[in-house]
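Using the hints provided, position chain B relative to the given structure of chain A.
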Amino acid sequence: DAKTTQPPSMDCAEGRAANLPCNHSTISGNEYVYWYRQIHSQGPQYIIHGLKNNETNEMASLIITEDRKSSTLILPHATLRDTAVYYCIVKATNRDDKIIFGKGTRLHILP
Amino acid sequence: DVKVTQSSRYLVKRTGEKVFLECVQDMDHENMFWYRQDPGLGLRLIYFSYDVKMKEKGDIPEGYSVSREKKERFSLILESASTNQTSMYLCASSPLAGVVYEQYFGPGTRLTVT
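First to last, the protein sequences are chains A and B. Take the first sequence: its position 20, counted from the start at 1, is 235 in my numbering, and no numbers get skipped. Take the second sequence: its position 62, counted from the start at 1, is 168 in my numbering, and no numbers get skipped.
Calculated directly from the structure, the hints in this document are not laboratory data. Certain hints may be false.
[To be verified] If the Cβ cut is set under 10 Å, some of the chain A residues that face chain B in the computed set are:
1. M225
2. C227
3. G230
4. Y247
5. Y251
6. Q253
7. P259
8. Y261
9. I263
10. H264
11. L295
12. Y302
13. T308
14. K318
[Claimed, not checked] Pairs of lysine-lysine residues, derived as DSSO-like cross-links and limited to a Cα-Cα distance of at most 30 Å, are as follows:
15. B/K119 x A/K218
16. B/K176 x A/K318
17. B/K109 x A/K306
18. B/K163 x A/K218
19. A/K318 x B/K119
20. A/K218 x B/K109
21. A/K306 x B/K177
22. A/K306 x B/K159
23. A/K318 x A/K306
24. B/K159 x B/K177
25. B/K163 x A/K306
26. B/K161 x A/K318
27. B/K177 x B/K161
[What the hints assert, rightly or not] Only part of the chain A face toward chain B is listed, based on derived beta-carbon distances under 10 Å:
28. N238
29. Y249
30. Q260
For every residue, glycine included, the Cβ atom is placed at its ideal position computed from N, Cα and C.
In isolation and in its complexed conformation, chain A is listed as follows (with noise of 0.2 Å):
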């Protein structure tokens, strides 16, 4: 079972910042939070990940609250081809944690 519980769906218009809100309340200390989407018709595409710090990259920022069983995806300014499924995970980085991908958050860019 996923570890995750994320909203199944979300609408946001076109430039705005995109809030992706995940909860995983019983993540372990070794566990990181990961960030994946998936566009219609491709494979999942990685985003970002995190353990305890606010991270940000090219793509979007990953903010991991302090009791870490939460965090939140921004993305910045986004756009039409933004629109996809996104998953949050939490797994371990040692060979015997699987990564399970829960039924995501499909987020709509509204034009």
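Showing chain B alone in chain A's frame:
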């Protein structure tokens, strides 16, 4: 950029046929994975490999086998295809042996078994 390629985007096979799905990555990654994706079920791990000639079962290995003879290539084999193996198959790779951070996925193969 990491590139993971899969041999076919779409494939139609008959029940009982032996099916080979090929995956190649060009970034010298140690780890490779095979998943299937079905509506409402998300991605499920079939098999993975952390080294050449090495394989480990994922969550749903029944009816499948794999082969990794070269580092860059990971093959998924359906020994005798059945209709319940109709699905989207996704291959992925990641760089560090035994340590899995981000994974890079191929475009997927949509397999239909009739």
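Comparing the hints with the structure gives:
no., hint, result
1, M225, "18 Å, violated"
2, C227, "22 Å, violated"
3, G230, "27 Å, violated"
4, Y247, "8 Å, holds"
5, Y251, "8 Å, holds"
6, Q253, "8 Å, holds"
7, P259, "5 Å, holds"
8, Y261, "4 Å, holds"
9, I263, "9 Å, holds"
10, H264, "6 Å, holds"
11, L295, "20 Å, violated"
12, Y302, "8 Å, holds"
13, T308, "5 Å, holds"
14, K318, "6 Å, holds"
15, B/K119 x A/K218, "35 Å, violated"
16, B/K176 x A/K318, "33 Å, violated"
17, B/K109 x A/K306, "23 Å, holds"
18, B/K163 x A/K218, "21 Å, holds"
19, A/K318 x B/K119, "28 Å, holds"
20, A/K218 x B/K109, "29 Å, holds"
21, A/K306 x B/K177, "25 Å, holds"
22, A/K306 x B/K159, "25 Å, holds"
23, A/K318 x A/K306, "16 Å, holds"
24, B/K159 x B/K177, "9 Å, holds"
25, B/K163 x A/K306, "18 Å, holds"
26, B/K161 x A/K318, "27 Å, holds"
27, B/K177 x B/K161, "12 Å, holds"
28, N238, "17 Å, violated"
29, Y249, "7 Å, holds"
30, Q260, "7 Å, holds"
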